[in-house]
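The residues making up each chain are set out below.
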Amino acid sequence: MHPAPSIIAFTTLSGLGLGLLFWLGIDPTPPTGWVGAVFFAIGFALAGGGLMLSTFHLGRPERAIRAFSQWRTSWLSREAWTALAALSVMVLHAALVVLFGFSLSLLGWLGAALCLATVFTTSMIYAQLRTVPRWHHWSTPLLFLTLSLAGGALLSGRVSVAMVLLAITGAVQLWSWRDGDERLARSGSDMASATGLGGIGTVRAFEPPHTGTNYLMREMVHVVGRKHAQKLRVIAMGLMVVLPVVLLALPFGHAWAGLAVLSHVAGVIVARWLFFAEAEHVVGFYYGKR
Amino acid sequence: MTSLPASTERKLGLVIDLDTCVGCHACVVSCKGWNTENYGAPLSDQDPYGADPTGTFLNRVHSYEVQPETGPAQLFHFPKSCLHCEDAPCVTVCPTGASYKRAEDGIVLVNESACIGCGLCAWACPYGARELDAAEGVMKKCTLCVDRIYNDNLPEEDRLPACVRTCPAGARHFGDLGDPDSDVSRLVVERGGFDLMPEQGTKPVNKYLPPRPKDGWEGQVDVLAPFLAPVAEEPKGFLGWLDRALGALPGGDRP
Ligand code: SF4
Ligand code: SF4
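Taken in order, these protein sequences are the chains called A and B. The first sequence: position 76 = 76 (the numbering used here), numbered continuously. In short: position in the second sequence from 1, add 1000, done, that's the numbering used here.
Honestly, I wouldn't trust all of these hints.
Said to hold, decoys possible - Derived coverage of chain A by chain B (criterion: at least 3 residues anywhere in the stretch with Cβ under 8 Å from a Cβ of chain B; other residues may be distant):
1. 60 to 71
2. 74 to 83
3. 180 to 189
4. 197 to 203
5. 211 to 218
As the list claims (entries may be wrong) - Facing chain A, a subset of chain B residues (Cβ under 10 Å, in silico):
6. Leu1018
7. Pro1089
8. Cys1094
9. Cys1125
10. Arg1130
11. Gly1137
12. Pro1198
13. Tyr1208
14. Lys1214
15. Gly1216
16. Gly1237
17. Leu1239
Simulated from the structure, these hints should not be mistaken for laboratory data. No experiment lies behind these values; they were computed from the predicted model shown. From the three backbone atoms N, C-alpha and C, an ideal C-beta is built for every residue, glycine too.
From just these sequences and the hints, can you work out the full model?
Here you go:
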């Protein structure tokens, strides 16, 4: 699949921001006053900014409001609702905490739950697609959720929680890379099933339907850059999990936290790029590609 | 509304004969022509006369080479457009309700004035039947020529999808696949029509007819064959002398 920068930025930033808001929501003694304002502002900037970015890849962004209409069937529509609800509740919670130093824990927990629900709905947009076997798996929501929780813990300065969650995220990511490599083969789709000609012999793409490229090839048969996948996996894991954990484990972990956050974000961006670039869409079989 | 209808009164669709298609792309051209001038936004091209032309098409013809275990490779032309699936994943993913499946005839359509161009439906389709138009920013797909098949202004013989009407080989058939007695349904039964990627669970309405087995010449003896056998393997008499004499000359082509 095409790793569109707007979608990578959107899922990375909103995941982090929602994770941060989650921890602020369940905190029994959230930071108040100016400190609180800064924490909440970062959370809203990341989550809201990310969601704004997601409209950049629309062909008709001026109609984006229509995406709220089909929550009964569409995960994308559900994402729009949960995002709106999460941000609204958290704004209310933040206002009470920052302005009045008063934390209504029920409101915070509700906002936190909605934040996680938003991350979940985002992940389900990908996980629901049977056409992309690498994504069509319960590990996709698990990965998005653990990543968001770990990143949020890191951003909110919960050093020991962050270390544990980062390690869990790393394990989930490693396993989904390994297992993901086999999902296309397990899906049962191949050139024989795509063309129905497999009963005659071995099918090979002879001539494509067009001389140039097209929307389908650009969007779904993105194969460039996959050859560096192994190296990028190592880089992603190093930046996203290993380096932040090492930095936090150093004496005066707090002093290094800023660096750990930067490293983590960079790692998540690389991992998210791979999430798209490595995902094979079954339509590739019609072009003799994967 | 992006909920799928529980069932549709009719299941209009195409039956495509892989045995007959000659790969001329006439259906591609007639589809592009009709659908550029009619239903919804035109099918745009980008850089059409330049070095890197691309464009939106609702129907494309692939070609595949199939190598059987023995014998020569076989070549098939493979037209592909929306299969108007009964369990259309492209419809349920749509956040705006722009994509829908009609309860009366099963045609899957896009309401272009509600489409936000998110492209999710194209991701959900296993067959690559949906293309986002780069000029208009909305999703385009085969309409089964909904503006021809019910069009009283057209002569009756033209009330067919443009691709079916134009196919010079008769490789494309249109009809109600929900009616077991329709011509298309009988054709599917007779010829063993099949679904593309059935494992994707989309339940396509369109069916493909498999290529008929190819003729082979091995083991076939014509009753007249004995009369055509060479009378003499080596020329004798005058011809034999001429053959040897010419062959002996320098520059001759015999070893
Ligand atoms: S072929 Fe693709 S676009 Fe057409 S109904 Fe099926 S899933 Fe939808
Ligand atoms: S591109 Fe248009 S039709 Fe397709 S899912 Fe998005 S809004 Fe619906």
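Do the hints match the structure? See the list:
1. 60 to 71: holds (count 9)
2. 74 to 83: n = 5 at 8 Å, threshold three: holds.
3. 180 to 189: Our answer is that it holds, as 3 residues pass the Cβ test (under 8 Å) against chain B, meeting three.
4. 197 to 203: holds (count 6)
5. 211 to 218: Coverage by chain B holds here, the residue count being 6 at a Cβ distance below 8 Å.
6. Leu1018: Status holds, d = 8 Å.
7. Pro1089: 7 Å, holds
8. Cys1094: Holds, because the Cβ-Cβ distance from Cys1094(B) to chain A comes to roughly 6 Å (cut-off 10 Å).
9. Cys1125: 7 Å, holds
10. Arg1130: 9 Å, holds
11. Gly1137: Check passed: Cβ of Gly1137(B) comes within 3 Å of chain A, closer than 10 Å.
12. Pro1198: 7 Å, holds
13. Tyr1208: 6 Å, holds
14. Lys1214: Holds, about 9 Å.
15. Gly1216: 13 Å, violated
16. Gly1237: Interface hint status for Gly1237(B): violated (50 Å vs cutoff 10 Å).
17. Leu1239: 46 Å, violated
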